[in-house]
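Engineer: For reference, the chains in residue letters:
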Amino acid sequence: MISHEEVLLNSSVKDTERNQVNDAVEQLNEKEEEDRTQNLKGDKGNLALLLLLYMLQGIPLASSSAIPMLLQKRGATYQQQAQFTVTFWPFTLKLLWAPIVDSCFSARFGRRKSWLIPVQYLIGLSMIGLSFYIDQWMGDENNAANIGLLVTVFFMLTFFAATQDVCVDGWSLTLLKRCNLGYASICNSVGHSIASLLGYTLFISLESAEFCNIFRSKPQADGIITVKGENV
Amino acid sequence: MVSLGFFWFWGIFFIIANTFIAVIKKESSEGSEVSNEHKENSIWKAYKLGIKILWIPSIRILMILLITVKAAWAFHDDVSFFKFLDSGISNEKMIPLNAISVVPARIIAPLIIAKYAAGPTPMKLYIGVIPYRTLFSLIGVLIVYLTPFTIPKNGVAPSYIYFVYLINDILYMFCLFSMYATMTAFFVKISDPSVGGTYMTMLNTIDHLGGIWPNSLALWLVEYMTWRNCASTKDLINSNSMVNGTHVSYDHIRIMLLCYEYYLLISNLHRLNSFLFSCQQFSPIELNKRCPIVIDGFYIETFICLILGLLWYKWGIPKIKYLEQEPLKSWRISKQIKEPSENRFIL
Numbered sequence: 071m072i073s074h075e076e077v078l079l080n081s082s083v084k085d086t087e088r089n090q091v092n093d094a095v096e097q098l099n100e101k102e103e104e105d106r107t108q109n110l111k112g113d114k115g116n117l118a119l120l121l122l123l124y125m126l127q128g129i130p131l132a133s134s135s136a137i138p139m140l141l142q143k144r145g146a147t148y149q150q151q152a153q154f155t156v157t158f159w160p161f162t163l164k165l166l167w168a169p170i171v172d173s174c175f176s177a178r179f180g181r182r183k184s185w186l187i188p189v190q191y192l193i194g195l196s197m198i199g200l201s202f203y204i205d206q207w208m209g210d211e212n213n214a215a216n217i218g219l220l221v222t223v224f225f226m227l228t229f230f231a232a233t234q235d236v237c238v239d240g241w242s243l244t245l246l247k248r249c250n251l252g253y254a255s256i257c258n259s260v261g262h263s264i265a266s267l268l269g270y271t272l273f274i275s276l277e278s279a280e281f282c283n284i285f286r287s288k289p290q291a292d293g294i295i296t297v298k299g300e301n302v
Numbered sequence: 135m136v137s138l139g140f141f142w143f144w145g146i147f148f149i150i151a152n153t154f155i156a157v158i159k160k161e162s163s164e165g166s167e168v169s170n171e172h173k174e175n176s177i178w179k180a181y182k183l184g185i186k187i188l189w190i191p192s193i194r195i196l197m198i199l200l201i202t203v204k205a206a207w208a209f210h211d212d213v214s215f216f217k218f219l220d221s222g223i224s225n226e227k228m229i230p231l232n233a234i235s236v237v238p239a240r241i242i243a244p245l246i247i248a249k250y251a252a253g254p255t256p257m258k259l260y261i262g263v264i265p266y267r268t269l270f271s272l273i274g275v276l277i278v279y280l281t282p283f284t285i286p287k288n289g290v291a292p293s294y295i296y297f298v299y300l301i302n303d304i305l306y307m308f309c310l311f312s313m314y315a316t317m318t319a320f321f322v323k324i325s326d327p328s329v330g331g332t333y334m335t336m337l338n339t340i341d342h343l344g345g346i347w348p349n350s351l352a353l354w355l356v357e358y359m360t361w362r363n364c365a366s367t368k369d370l371i372n373s374n375s376m377v378n379g380t381h382v383s384y385d386h387i388r389i390m391l392l393c394y395e396y397y398l399l400i401s402n403l404h405r406l407n408s409f410l411f412s413c414q415q416f417s418p419i420e421l422n423k424r425c426p427i428v429i430d431g432f433y434i435e436t437f438i439c440l441i442l443g444l445l446w447y448k449w450g451i452p453k454i455k456y457l458e459q460e461p462l463k464s465w466r467i468s469k470q471i472k473e474p475s476e477n478r479f480i481l
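So the sequence lines, in the order shown, correspond to chains X and R.
What the first sequence shows, in the working numbering, is residues 71 to 302, in sequence order.
What the second sequence shows, in the working numbering, is residues 135 to 481, in sequence order.
Possibly wrong hints are sitting among the right ones.
Partial list, computed: chain X residues near chain R (C-beta under 7 Å) [as the list claims (entries may be wrong)]:
#, residue
1, Y191
2, L200
3, L243
4, T244
5, L251
6, Y253
One-sided excerpt, in silico: chain R residues whose CB lies under 10 Å from chain X [to be verified]:
#, residue
7, G139
8, I247
9, I346
Note that these hints are calculated values from the structure, not bench results.
We put the CB at the ideal spot given by N, CA and C, even for glycine.
Using the sequences plus the hints, can you model the full thing?
Structural biologist: And the structure:
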């Protein structure tokens, strides 16, 4: 905060000029206050968007975490489980290509959208494609799991999700108003938590036939959610 | 009852949401303008710019803080749950409860502290939560210690023990996620938008790695630090890690949880295979019967981590307070590419 006395050193300054300086100092102090106090007006849409983006990011990651559990139930060997852990590497190594995401973009399309939109389409298409084959790749009592293809596809998914993460983290700095920047971290935490709930906890529970059969009158072989889809 | 395809559903959801964002949301040009400040067109220059982040003195202090802070609770984060299982609790009941206990803490904790974390001084909350987190982790150790005394002869553990542990775990997770949310809020505050993605990613990665190494180390060392009293030589060879370094007795459920937490990316696959193999031979409960524990490495680790935590508290708190009142300008990277001449390492 700037005090008026500090600014007006010379008492012979004319009144009109003094008033102008007073006004300028007032405005500066107000702006500082504004920067400090959070004001959600006009930013609620951006907040919701950020929450959605973090949630979308968490879904492929959470489901990658769920796959080892499902593999275990279908009798995968420890060797295969260890191979699957490779799929988590892109998320830890995303720093390696973060500068590329920061600097290569099309200004017409938008700095962050140039990466975000294509990568999210790729994730969506990969997941749809995955849904056709994943059941046979995971194997069952009769067939062995095709770990090589599973690892490749999930590695790719994690790679895209990591790129999307760099993108959204960068965008969160400019998306919200300066005074609301702190809420970006809340969107991050809550978004990832909801994604973990939907993509991991609920997925594992509702996929498990034993868990669902607790609530059903007639026990069935499958859970409510299957990895692929009814019509495929 | 219709079966929903999980991946099919989320794939479609992604496509629809993405199209919506592409069409509706216009990105403000502030992002592009900010990047043009540096007028970097080549990828090589972009990497040089990223490395310049490391030249900021405050960043170096922050990185040391991030890498060392979690050592104070390494005994609890991964090990204490397994020790609780070892004390005679039945595995099947506990595993799902433990996974579910994270959920309320993860979602509710950030919402409760939202206004404070988004305020001007998030680190005050961070500092304030540390003693509570230590308290709950110590209560966890106490529960692990007392559990064997509650089990009647040849019986199973009473149900209330699960809930006591679960409630303590939820409270601990509250502290953990509060710390995570405030630290992330601090990152957002200080990051330079001109290299926003790289800056945030670097800080997030260091924070993340700072959590992996102490937990993996604690998990790996706990058996090495455990002194057992084995009845026969054969049991000694098969069990005690002091004799043969590759035999660590963990059951397959632990491996499952280890797998999904991907800590194993740090340890090499050879060691993983050798101790995965030995884990099929002994379950910990059986091991504890053949080679009863004289001194449990878990308590040794608790003591070491407490000392480390106290040391960190003494050194780290003033540093955090110093970092928090640094002006935002000092976190920005300078415009020129050439390295700054002074390179003082402030400790």
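Engineer: Please name the hints from earlier in the document that this structure breaks, with their numbers sorted from lowest to highest.
Structural biologist: Those not satisfied: there are none.
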